Amino acid sequence: MIKLLKYDLKRNATLLLGGMAILLLCEFVLLWSRATDEVKIVLSVLFFGAVAVIYFISSLRVFDYNITTVSRRLVPVGALSYVGASLLYGLLNSLVLTVIGAAFTAYMVVNLGGGFSWAGQIPVWAIVLIVVEYLFLLVYGFLTFYVTIALARSLVTKGVFWIGLLIFIVLTIVLSYVEDFLFGQDSSALFGSVDLEWSSQSGVLARELPGLLSAWQTWGSIVFEGL
Amino acid sequence: MSIEFDNNLPIYLQIMNHIKRQIVSGILQPGDKIPSVRELAADLQINPNTIQRTFQELEREEVVETRRGLGRYVTSEESKIMAIKKEMAGELLHQFIHGMQELGFKNQDIVSIVSEAVAEDRKQGVKEGAKGGNTAQS
Amino acid sequence: METLLKVDGVSKKYGGKLALNSVSLRIGPGRIVGLLGSNGSGKSTLMRIAAGLTPPSAGSISVLGKPVGKETRSLISYMPDLPLTESWMRVKDAVAFYRDFYADFDLEKAREMLDFMSLKENDRVSSLSKGMGERLQLTLALSRQVNLYLLDEPIGGVDPVARGKILDAIVRFYSEDSSLIVSTHLVRDMERIFDEVMFIQDGVIVLHEEVESIRINRGKGIDDLFKEVFGE
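Same order as they appear, the protein sequences are chains X, U and R.
According to my numbering, the first sequence holds residues 329 to 555 in order.
According to my numbering, the second sequence holds residues 7 to 144 in order.
According to my numbering, the third sequence holds residues -10 to 221 in order.
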C-alpha cells in the first residue's frame, strides 16, 4: 500500500508541488498587498478553495488510475491496498492543505484583530472531536466518491476518466437522495463543513458516520474484488 | 555465425548438417569444443530445445561426445570424420551427377569433364594461392 | 513435472461478441509456445485472462494448479502490447517499480539485459522510441523469475534491429522450469524460437502442435502453414 502511495505521489509530484507553490505564492502576495481586509479574506479563501478542488480531483484520478491501469492491476497486492493508497494520498494532501490553511487563518486572525482569546474556552476533548469528525468526513467523502468511481468504471471500462466523473456525479446525487431517505437528515450536513458549536449534536454526527462508512467500505471492497 | 535456414525443413536437421559441414571443412577440428546449447541458441536465435535435439542426434551418430562436466566435443576419431565426409560428399555427388545427367551428359563424359575441371581449378588455385584464400565453405 | 498452464473450456463474451469459444489447452514447463492468429482472433483476450486481468465468462484456468487470481500474479509475468511504464519515469524508476512490487525481480539480470539492449538508466521513458520502449518492457517482464511469461506481440511495430535483440533476449533468458507464451502475427520472424505453436482463429484453437513435427510431417514451415490456415 505504501509502495503504491509512493508511486502515486511521484507521478503527481509536479501537480502537487506546483499547486502548493502557487497557493503559497498567491497567499503571501495577498497578505502583503494593500487590498482591503475583506478582499484579502475572500481572495485567499478562493485561492485556497481552487487548489483544494484541484487536489481533490487529483486524488480521485489517483484512485481511478489505481483500479484501471494494467500496471497496477498486475501487481500482487490486495484490492484494499488500492483503496488504502488512494485514501492516504487524499488524506495526506488534505492534511497539508489544512495545515497551510490553518496557518494562514491564524495569521490573518491575529493580524486583523480578534486574536485567540476565545480559544482558551474550548475544552480539549471538543478539539479532538472536531479533528476526528473532520477526518471521518474526509475519509467518508473520499470513499463515497471512490465507490461511485468504481461503479462507474465497471460500466465504462476503457473510457476516459472524465466520463466516469460525470457518471459518479449523477450517482452521488442519487445517493444523497437515498441518504435523505434512510437517515432523514439534511444531506448537506454529511458533506458540509464542521460545525463549530460543541453541542451533543457533534457526538451524534460522529456516530452516524461510522455506520455509513462501514457500509460503504464493505460495499466498496466487494466491488473492488469483483473488478 | 549466421546460417541461412529454410523454415520449411526441420531446423534441427539443418543445424546438424551445418555442424557436420564445419567438421568436414576443418572449421571444427577433431576434439574441438562445440558451443553449449545456450550459446548456440542465442547465436542462431533458435529455440534451445531444438539445439538440444540436434546435439542428441549428433551424439547418437557419435559425431560429438559429451565429456561430463566439461561440455560437448567433436569426436577425435578420424574414421568417424571420414565417414561424415563421405556422407556429405555422397549427397553432393548425387546431386551433381543427377544435375549433369539432366544436362544430357553421359556417365563417361561426366568423369572426363570432372578431371579437366579439377586440373583447371588447380591452375587457378596456384595463381590465387598468394591471396591465402580460404576455400572452406559453410 | 506439473502442467504449467491449464485452460479448461474457457469462453469470453464481450457484449454480444464471443471472443473466446470454449478454449482448452495445456502447456508444460520449459517450452516456448507461439500463440498465432490474426488481429481479433482472441489471442490477446486469452493472454489477458491468463494474466488475471479479466475473468472468463465460462470455464476455468489455472497456473501450476492454482486458479488464476491474486495468487498467480506472482507466478506470471505479463507483457501487454501497451506500455506499462508511467510517463514521468526514467528507466531506473521503472526498474525500481518492478523491484518494489515483485519479490521475484532479479535486479542483476535486469541490469544485464538493459545493457544488452543499450538502455541507459537515466533515459526518460517518454523519450524512448517504440523499439526501445519494447526492449524496456521485455527487460522488465523477463527479469522476473517466474514460471510463466506471457508476451503479447513483443516485436510488433519494432525495427529489425530491435526485433533481433528481443528474440535474442527471449532465447537467452529461457530456462527449463518456466515457459513462455508469445503471441504474434509476425510468424516468419519468430517461428524458429518456438517449440510448439497454437493457431487461434475466431476464438477457437484450430491447431496445437510441435513445430518440428509440423515441418517433418507436413513438409512446410509455420509461416506457410499459417498463410494456408488463415488464408492470407
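Just so you know, these hints were derived from the structure itself, not from any lab.
Check before you lean on any hint, since a few could be wrong.
[Unchecked claim] Here are the simulated DMTMM-like pairs of lysine to aspartate or glutamate, each with C-alpha atoms no more than 25 Å apart in a straight line:
#, chain 1, residue 1, chain 2, residue 2
1, U, K26, R, E(-9)
2, U, K91, U, E63
3, R, K216, U, E63
[What the hints assert, rightly or not] Over the 10 Å line for every Cβ pair with chain X, so calculated as not near, a few chain R residues:
#, residue
4, K2
5, L42
6, S51
7, K59
8, L73
9, D82
10, G122
11, R177
12, I205
Here the structure is a predicted model, which means the values were calculated and not measured.
Heads up, the beta-carbon is just placed ideally off N, CA and C, and yes, glycines get one too.
Do the hints match the structure? See the list:
Simply put, U/K26 and R/E(-9) have alpha-carbon atoms about 37 Å apart, too far for the 25 Å limit, and the pair is violated. With a C-alpha separation of about 17 Å, the suggested pairing of U/K91 with U/E63 holds against the 25 Å cut-off. Pair hint R/K216 plus U/E63 does not hold up; C-alpha atoms about 31 Å apart against a cutoff of 25 Å. No beta-carbon of chain X is positioned within 10 Å of the beta-carbon of R/K2; the least distance is around 14 Å.
Non-interface call for R/L42 relative to chain X: violated, since the shortest CB-CB distance, roughly 6 Å, does not exceed 10 Å. The Cβ of R/S51 lies farther than 10 Å from every Cβ of chain X, with a closest approach of about 16 Å, so its non-interface assignment holds. A beta-carbon of chain X comes within 10 Å of the beta-carbon of R/K59; the shortest separation is about 6 Å. A cut-off of 10 Å between C-beta atoms contradicts the statement that R/L73 is not in contact with chain X; the least separation is 4 Å.
Not every CB of chain X lies more than 10 Å from the CB of R/D82, the least distance being 7 Å, so the non-interface label is violated. For R/G122, the condition that its CB be more than 10 Å from all CB atoms of chain X holds, with the nearest at approximately 14 Å. Every beta carbon of chain X lies more than 10 Å from that of R/R177, the smallest distance being close to 29 Å; the non-interface claim holds. Every CB of chain X lies more than 10 Å from the CB of R/I205, the least distance being 39 Å, so the non-interface label holds.
Of the numbered hints stated above, those contradicted by the structure are hints 1, 3, 5, 7, 8 and 9, listed in ascending order.
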